[in-house]
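S.K.: Chain by chain, the residues:
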Amino acid sequence: MIYSGSVICIPPSLPPWPPDSTKSASEAHQSSLQERRVLVVDDERLLSETTAAILTRAGFKTMVAYDGFSALEKAAKFRPEFLLTDIMMPAMNGVELAIALTKMSPVIKILLVSGQAGISDILEESRQQGFEFPLLAKPIHPLKLIESLNALKEN
Amino acid sequence: MVESNTASSRQGPDFTDEGMRNFLAAIIASSDDAIVSKDLNGIVSSWNEGARRIFGYAPEEMIGQPILRIIPPELHYEEDFILSKIRSGERIDHFETIRMKKNGERFPISVTISPVKDESETIVGASKIARDISERRRLDESRYRLAAIVDSADDAIISKDLNGIITSWNNGARRLFGYQPEEIVGQSILKLIPDDLRHEEEEILRRLRAGDNIEHYETTRVSKNGDLREVSITISPILNSEGEVIGASKIARDVSNQKKVERLAIEAEKIATTGRMAAAIAHEINNPLASVLNLIFLARQPGLSPQEIQSFLETAESELERVSHIARQTLGYYRDTGSPSEVHLKDLMENVLSVYRSKLLSHSITVDSKFSDLRKIRVRAGEIVQIFSNVICNAIDAMPGGGLLSIRTTRIVRMNGDAIQVVIADQGSGIRREHLDKVFEPFFTTKGNLGTGIGLWVARQLVERHGGQISISSTTDPGSSGTTVTMTFPFRGAEETNVAEAL
Chain R
1 MIYSGSVICI PPSLPPWPPD STKSASEAHQ SSLQERRVLV VDDERLLSET TAAILTRAGF
61 KTMVAYDGFS ALEKAAKFRP EFLLTDIMMP AMNGVELAIA LTKMSPVIKI LLVSGQAGIS
121 DILEESRQQG FEFPLLAKPI HPLKLIESLN ALKEN
Chain Y
156 MVESNTASSR QGPDFTDEGM RNFLAAIIAS SDDAIVSKDL NGIVSSWNEG ARRIFGYAPE
216 EMIGQPILRI IPPELHYEED FILSKIRSGE RIDHFETIRM KKNGERFPIS VTISPVKDES
276 ETIVGASKIA RDISERRRLD ESRYRLAAIV DSADDAIISK DLNGIITSWN NGARRLFGYQ
336 PEEIVGQSIL KLIPDDLRHE EEEILRRLRA GDNIEHYETT RVSKNGDLRE VSITISPILN
396 SEGEVIGASK IARDVSNQKK VERLAIEAEK IATTGRMAAA IAHEINNPLA SVLNLIFLAR
456 QPGLSPQEIQ SFLETAESEL ERVSHIARQT LGYYRDTGSP SEVHLKDLME NVLSVYRSKL
516 LSHSITVDSK FSDLRKIRVR AGEIVQIFSN VICNAIDAMP GGGLLSIRTT RIVRMNGDAI
576 QVVIADQGSG IRREHLDKVF EPFFTTKGNL GTGIGLWVAR QLVERHGGQI SISSTTDPGS
636 SGTTVTMTFP FRGAEETNVA EAL
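Protein chains in written order, with my numbering: chain R, 1 to 155; chain Y, 156 to 658.
Keep in mind that the hints were calculated from the coordinates and are not lab data. Don't take each hint at face value.
Computed footprint of chain R on chain Y; a stretch qualifies when at least three of its residues, placed anywhere within it, have a C-beta under 8 Å from a C-beta of chain R [to be verified]:
id, stretch
1, 431-438
2, 450-456
3, 506-517
Ideal Cβ placement from N, Cα and C applies to all residues, glycine included.
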């Protein structure tokens, strides 16, 4: 796809991930590099790529994955502050991905998006495991999306 | 004596006094009834064989003894009453009471007692004819019990002869059809059959004459005030002791409420299917719309080259094409008026597949479809979409780990008219043998809370409304598990449907 080159961004140095609360001042400064890093996951490629392009322009560092498993792999290297993921995806759904990443990095901020109503079972399952994630309905206006991510950061 | 005996055997009884006495003595001796006589003090003066059989006392044990021996102590007062009647010359007919056998057993008896007069018309005693009515009592009781059951039954229970004339009519029949027994007994059963279903009666009578039962036959009958009643009827031949069919008993149950529940369940399923499809459609529409929003937003960013803007807008346009394609394909279903139209089943199947496209993708299910139905078929498109949707949703649910969904439509040639056969086969977990018989039953589900249990049941109703058939085969053998649903839709289905509905 024509946009992928512009959005995949490999930072020069990687902070420890998950962030370590006992780290020194310099390490803490280093970890700020981690801020505003968004992993965008959607099996609808055009959507994940255009979303990443918009977020990049808004000053986020972005990485795209098209399914849950590759998102897990990429997250280990990319160490995102945010996970923005679709819910209905092959093999591993967005909620499963969110739970897995939360276990790897408890501070990761999750934003779920979905274009369909029939996901209440999936959400119920995650609630029973003690996880509750904010959810936005597709289609989302890009400005609203940026606003939601910033709001998550302030919380 | 010898002469008269000879005469009686040759010419019937002789009517000399002695001949008459002998003749009467013979009748008394051979009677099944107890025939005894007693004097006005209640002392037994004669005791026949019948009395010995019934009471167990030999004549020599009873003659000269008080009749009170065979009367239970608590009923001794009856004897005073009987004797007083006899003394006044009255006769007691078919007096039903209890008497006692020699072994003490009490039993019901019917007695007729008449005064015995001498030549001077003086009452000298009583003759008593007694019949053991235990057997009759038992028969009566079972008859009364049956009658009570028949009368208290909620179902209409009717009997008729082989000409279709009603011979009995219970309370249930009165409630269901509104006729009193006196209005309808003796009338033709056709009074209960709507005009357009009269042909059913010939068929019913034909089968009854052959000795067949008709069980749970669902049809419509008409009540006194003209209301139609949906009933399930069971008809059995009534045989005489020679085994000949002499009539029929008919049990009719009002299934109007049950039918109403079934109709509501079908409606509910339609709404559920609509909901499921709407959720899938929402996904198919919202994704490209989200991309369009993104693309337009990107196109409006400052500093882009005209080529970049052009590229964003062209992509947005093709996404909008995708949305309108999905809308055209799927939303048409909701416009379906329910009346039959000429369509290719292939098109309906493709609509359903496009609705579930992303669900299929997200389950890693590959669809292999071959459509060979080149001729259009007259069907209610909305119902066919619902049938396909139910079957395909089951296939998707059965393959959480992915697999192949094979879909075939072929024209088949049959004796009773050509049809289109649709075969949908999955490689899912399969249906266990013990569940396979039940999958078409309402409210049967193996999906726990997620299943309504009426998808396949509704599918079958809808297939049958098109004059078609649906069958299912499945295996759970590891490695080769899967379920195949085969449906047949006759080309003449829509016409046959009306006939089927009328029945």
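S.K.: Quick one: see if chain R covers the stretch 431-438 of chain Y, three-plus residues with Cβ-Cβ under 8 Å.
M.R.: Contact hint for the stretch 431-438 of chain Y vs chain R: holds, 6 residues under 8 Å.
S.K.: Taking a Cβ-to-Cβ distance below 8 Å as contact, does the stretch 450-456 of chain Y have at least three residues touching chain R?
M.R.: Coverage by chain R holds for the stretch 450-456 of chain Y (4 residues, Cβ < 8 Å).
S.K.: Counting residues of the stretch 506-517 of chain Y whose CB is closer than 8 Å to a CB in chain R, do you get three or more?
M.R.: Three-residue rule met by the stretch 506-517 of chain Y, so holds; n is 4.
Consistency with the previously given hints is maintained throughout, with no hint failing.
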